[in-house]
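**Student:** Below are the chains, spelled out letter by letter.
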Amino acid sequence: MSADVKKRVEGITRESTQAMIDKALEIYPEKARKKREPHLAPNDPEATSACVKSNRKTIPGVMSARGCAYAGAKGVVWGPIRDMAHISHGPVGCGWYSWGTRRNLMSGVNGVSNFAMQMTSDFQEKDIVYGGDKKLATLLRETKELFPLAKGISVLSECPVGLIGDDINSVARTMSKELDLPVFPCNCEGFRGVSQSLGHHISNDTIRDYVIETREFTEPAGPYDIALIGDYNIGGDVWSVKPLLEECGLNVKASWTGDGQIEQIAATHQVKLNVIHCYRSMNYMARVMEEKYKIPWLELNFFGPTKIKASLRKLAEHFDDNIKRKVEAAIAKYDPEMQKVIAEYRPRLEGKKVMLYVGGLRPRHTVSAYEDLGMQVVGSGYEFAHNDDYERTAPEMPEATVIYDDVSEYELEQFVHTLKPDLVGSGIKEKYLLQKMGIPFRQMHSWDYSGPYHGYMGFPVFARDIDMAVNSPTWKLVKAPF
Amino acid sequence: MSNDLGLPVKPVTEISLEDETRISAWINTEDYKLKNFARTALVVNPAHACQPLGAYLAAAGFEGTLPFVHGAQGCTSYYRSTFNRHFREPSPAVSSSMTEDGAVFGGQNNLHEGLENAYTLYKPKMIAVFTSCMPEVIGDDLRSFIGNARQKGCIPKDFLLPFANTPSFSGSHVHGYDSMLMAILQTLTEGKAVEGRCTGKLNFIAGFDANTGNYREYKKIFELFDIPYTFLADITETFDSPNDGTYRTYPGGTSLLEAGDSINGKATVTVGPFATSKTFVWLKEQYAGEHVSMPMPMGIAKTDAFLMKLSELFGKPVPEELKAERGRAVDAMTDAQQYMHGKKFAVYGDSDYLLGYVSFLLEMGAVPRHILCSKGSKKLERELHALLEASPFGKDSQVYMNKDLWHLRSLVMTDMVDGIIGDTHGKQVARDAKIPLFRFGFPIFDRVNLHRRPIVGYQGTINMLTEICNKFIDIVDETCDNRHFEIMR
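Residue numbers (my numbering), protein chains in the order written: chain A, 24 to 505; chain B, 103 to 591.
Everything labelled a hint here was simulated from the structure, so no lab data went into it.
No residue lacks a Cβ here, since even glycine has one placed at the ideal position from N, Cα and C.
Check each hint, because a few of them may be wrong.
Claimed, not checked - Here are the computed lysine-lysine pairs in the DSS-like style, where the Cα-Cα straight-line distance is at most 27 Å: (1) B:227 / A:54; (2) A:167 / B:112; (3) A:57 / A:46; (4) A:363 / A:265; (5) A:54 / B:254; (6) A:332 / A:29; (7) A:167 / B:137; (8) A:295 / B:112; (9) A:149 / B:380; (10) A:443 / B:225; (11) B:135 / A:157; (12) A:167 / A:149; (13) A:80 / B:225; (14) B:321 / A:459; (15) B:529 / A:167; (16) B:225 / A:459; (17) A:58 / B:254; (18) B:227 / A:459; (19) B:529 / A:149; (20) A:200 / B:112; (21) A:80 / B:254; (22) A:315 / B:112; (23) B:225 / A:46; (24) B:135 / B:497; (25) A:30 / A:376; (26) B:259 / A:57; (27) A:157 / B:137; (28) A:58 / B:112; (29) B:259 / A:54; (30) B:225 / A:58.
To be verified - Far from chain B by the CB rule (all over 10 Å, computed), these chain A residues: (31) 119; (32) 321; (33) 333; (34) 488; (35) 495.
With the hints as constraints, model all of the structure from the sequences given.
**Tutor:** The following block contains the structure:
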């Protein structure tokens, strides 16, 4: 869609959207309403600043989908690194709940060369009283002994660790030397910050302080060396994008962090370009590498053929004619296949309305993929975004559609009642609520146990899944004939 | 060098195939098992969650009740998504969303603001407050905070607001269930005891049981007996509600009035002795009528005992329909015994479930070879040994208390069994050992509708053995050579 033709949705105006927002807020107590108001607004595609406030504290007692800093560290940044042990340091729960629940797939052998497991120090009362540093040291020795191929250990602090004044940083330093194995201390206690987002930032800082530049690639640097940043291999996304980039002549030296390897990550300061997918969770390190090592970075969108094509061409501009030729060849090879996919599904999806509420990059990056299928996104928002995410969202979304930040379950329900979408794409906590309302739903964090959705391998899967959700005959059975 | 660990810069290496093969073999050995069992600090793949999860399940079992987690907000999202995944149902709960300033000033302001908002927005009849780590570490005083909330008018003065301290660094989800259930019953029954009154009803508690099929099975039994009952902490409709196009925040749960009157009951029975030990001690003091704490009715003997107890308590004979069902279950067992007899199992789970699995396996002539509880007790150990000693099929069993699923892996790989009874988290061990996993416990994240099929009572016994025997037969069909592929099995 060209910039001069504004995307519009029939029946949606600034006034209608504002009226819907005002109505949803009526029920709140005065103080809470004042706090929530700035987080909900009609979209202005041409605005230069974000239309909603974001990255603020969640209002207590309001059903929010947000997680915590630990969730951002364990679930997002560290967890997907496959060849390291990740210790959930503190009581048993946090690691148990986040055990295998993000779908960041990984290569290797479980317990041998990948560690998609729940490793924890399982704090007891006595650890709270006397501190857990000694236990941590013992635990690190045991980890090295039982998992000798692990290339490092991350120590991810849960709430009590920061509250009782343990010094995991000092333990990590001592034990790294004793074990001759990097131990990365990540002070990501769940009470820090307002959402997962600070966990991403803290984890990026840990990578900056302890990981980057500690390794060097053995083979000589090449002109096409890049790193894939912020792709977490949900349902195998990296395994779709990486071969595509390689087919375009690029040399993907490291994957951050989906199916990632810590030593490749540690040597990423040697690449020529960082290709970033999830800006929210990884822009910090992209900026650090830009400043410190002069590595440029590029934010790309691999959802749906329109954006994939544009992204590949944007990427080619950073390289020579060799790459440009290969990029065009890849587009020429795959785009017609994607048009066939569209020809199959679009007739069944044309004009259908979608609402999104996700995290990271998806509330903006997937908009165009739905549009490729003839659908319209009529509302979008993020759990833990910042201003810059909303700035990037505005031009993607149609005029005056509702934008919601840290939307409460109550608000989302009200918006859905008004907008009557044909599909909602959100998370597990929203899924069954919407389905009870008879509304088709896809989990857009986990690809609903499907995937990949990224790249040319992903789009046919995405299209099939969306069609399957929207056009399932089961929805017609919800209303009984009696 | 930029890093802060003081390690020298090294070249990038990869894990070699040779190393991967070598260690893959090593972790299956006796040598590895010894090292694995020598662990004192590291816990790998524990089969238990933390207290607040259990508190949530108890709270979700009451009419119009909003679970409210006092603590940092991520905890609530974890509990909610766990139940979403297991039941494939909505799972509402709120948090007081404590942050750094809570560490300095305490959580009272968050709790007050949270109570006011939750009360206004979600219109609950009761809010059940329980804690995650943060307020427990900093020492928040829930009783006075809640008293102050009433004084300030955040909630009406007489609003039902039970609360429980459920620190995650002590016990497990089972203990959180116990504490919350007791707090709820204390709140609801306060001042409700009437001298000489008897509701004539059975009060029933299922314990930490996340199988809605079990709840329906218990109800079926009470109805066949024609015993009037109050099912306390009844999650049946909360986590198995119909899809009719309308979302309801509170689709079910025990009536609060009935729960209040339960203190005047004729008899109170819990089949979760480990999940309700505190509650039971309290209600024995407070509740009228008789009090019974007995094992979950899994398998024939434990179901027999359960039915005989109901019969005795209410002076009613065991209904003909249940006698016939017993006969059908025994018929199913004798028909299928050859597929399970002598088969060896590794079993793990919560204490109450574990006793049921073992009892059922022994009845089938199967061997519960490795029995593991990742949050066990001496009492459980004693009870397991008593079961095992009473059966010739229990003589080769070993009981492991406070061990995790990485220990279980070592046990299975060095002393192979035919199947594992557990939950979704056992699937990696089952895959490595190339044996089936029977998902009878909690959580089940990777199969549909298993939480809807009962495993208690005679019907539950039929369900368990059907699933196990057919899987063993499937394996024969899938793995036998052509000459041995047969129509009949």
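**Student:** State for each hint whether it applies.
**Tutor:** Against the structure, the hints:
Annotation: proposed proximity of residue 227 of chain B to residue 54 of chain A holds, straight-line Cα distance about 23 Å (limit 27 Å). As the CA atoms of residue 167 of chain A and residue 112 of chain B are separated by approximately 19 Å, the hinted pair is consistent with the 27 Å bound. In summary, the hint linking residue 57 of chain A to residue 46 of chain A is supported, as the alpha carbons are separated by about 14 Å, within the 27 Å threshold. For the suggested pair residue 363 of chain A and residue 265 of chain A, the alpha carbons sit about 23 Å apart, so the restraint of at most 27 Å is met.
The suggested pairing of residue 54 of chain A with residue 254 of chain B holds, with an alpha-carbon distance near 15 Å, which does not exceed 27 Å. Proposed proximity of residue 332 of chain A and residue 29 of chain A is supported: the alpha carbons are some 21 Å apart, at most 27 Å. A C-alpha spacing of about 12 Å is found between residue 167 of chain A and residue 137 of chain B, which places the hinted pair at or below 27 Å, so the restraint holds. For the proposed pair residue 295 of chain A and residue 112 of chain B, the alpha carbon gap of about 20 Å is at most 27 Å, so the pair holds.
Distance check on the hinted pair: residue 149 of chain A and residue 380 of chain B sit about 22 Å apart at the alpha-carbon level, within 27 Å; holds. Straight-line distance between C-alpha atoms of residue 443 of chain A and residue 225 of chain B comes to about 24 Å, which keeps the hinted pair within the 27 Å bound. In summary, the hint linking residue 135 of chain B to residue 157 of chain A is supported, as the alpha carbons are separated by about 24 Å, within the 27 Å threshold. Distance restraint check for residue 167 of chain A and residue 149 of chain A: the Cα-Cα separation of roughly 25 Å lies within the 27 Å cut-off, and the hinted pair is therefore satisfied.
Restraint check for residue 80 of chain A and residue 225 of chain B: the C-alpha separation of about 23 Å stays at or below 27 Å, so the hint holds. Straight-line distance between C-alpha atoms of residue 321 of chain B and residue 459 of chain A comes to about 25 Å, which keeps the hinted pair within the 27 Å bound. Straight-line distance between C-alpha atoms of residue 529 of chain B and residue 167 of chain A comes to about 24 Å, which keeps the hinted pair within the 27 Å bound. Restraint check for residue 225 of chain B and residue 459 of chain A: satisfied, since their Cα atoms lie roughly 19 Å apart, inside the 27 Å limit.
About 21 Å separates the Cα atoms of residue 58 of chain A and residue 254 of chain B, which keeps this hinted pair within 27 Å; it holds. Between residue 227 of chain B and residue 459 of chain A, the direct Cα distance comes to roughly 22 Å. Compliance with the 27 Å bound is thereby established for this hinted pair. A hinted pair counts as satisfied when its Cα atoms are at most 27 Å apart, and residue 529 of chain B with residue 149 of chain A does not qualify at roughly 32 Å. Between residue 200 of chain A and residue 112 of chain B the CA atoms are separated by roughly 14 Å; this keeps the pair inside 27 Å, and the hint holds.
Under the criterion of a C-alpha separation no larger than 27 Å, the hint pairing residue 80 of chain A with residue 254 of chain B is consistent with the structure, at around 23 Å. A C-alpha spacing of about 20 Å is found between residue 315 of chain A and residue 112 of chain B, which places the hinted pair at or below 27 Å, so the restraint holds. Distance hint between residue 225 of chain B and residue 46 of chain A is fulfilled; the C-alpha atoms sit about 17 Å from each other, no more than 27 Å. A hinted pair counts as satisfied when its Cα atoms are at most 27 Å apart, and residue 135 of chain B with residue 497 of chain B qualifies at roughly 22 Å.
Our distance criterion of 27 Å between C-alpha atoms is met by residue 30 of chain A and residue 376 of chain A, whose separation comes to about 14 Å. Of the pairs offered as hints, the one joining residue 259 of chain B and residue 57 of chain A holds, with about 26 Å between alpha carbons and a cut-off of 27 Å not exceeded. Of the supplied pair hints, the one linking residue 157 of chain A and residue 137 of chain B holds, its CA atoms being roughly 20 Å apart against a limit of 27 Å. Proximity of residue 58 of chain A to residue 112 of chain B is assessed by CA-CA distance (about 51 Å); at most 27 Å being required, the pair is judged violated.
Restraint check for residue 259 of chain B and residue 54 of chain A: the C-alpha separation of about 21 Å stays at or below 27 Å, so the hint holds. As the CA atoms of residue 225 of chain B and residue 58 of chain A are separated by approximately 20 Å, the hinted pair is consistent with the 27 Å bound. With 10 Å as the threshold on Cβ separation, the claim that residue 119 of chain A sits away from chain B is violated: the shortest Cβ distance comes to roughly 5 Å. No Cβ of chain B comes within 10 Å of the Cβ of residue 321 of chain A; the nearest lies about 23 Å off, and the non-interface call holds.
Every beta carbon of chain B lies more than 10 Å from that of residue 333 of chain A, the smallest distance being close to 33 Å; the non-interface claim holds. Taking the minimum C-beta to C-beta distance to chain B, about 17 Å, the non-interface status of residue 488 of chain A holds against the 10 Å cut. Annotated as non-interface, residue 495 of chain A keeps its C-beta farther than 10 Å from every C-beta of chain B; the closest such distance is 13 Å.
Of the numbered hints stated above, those contradicted by the structure are hints 19, 28 and 31, listed in ascending order.
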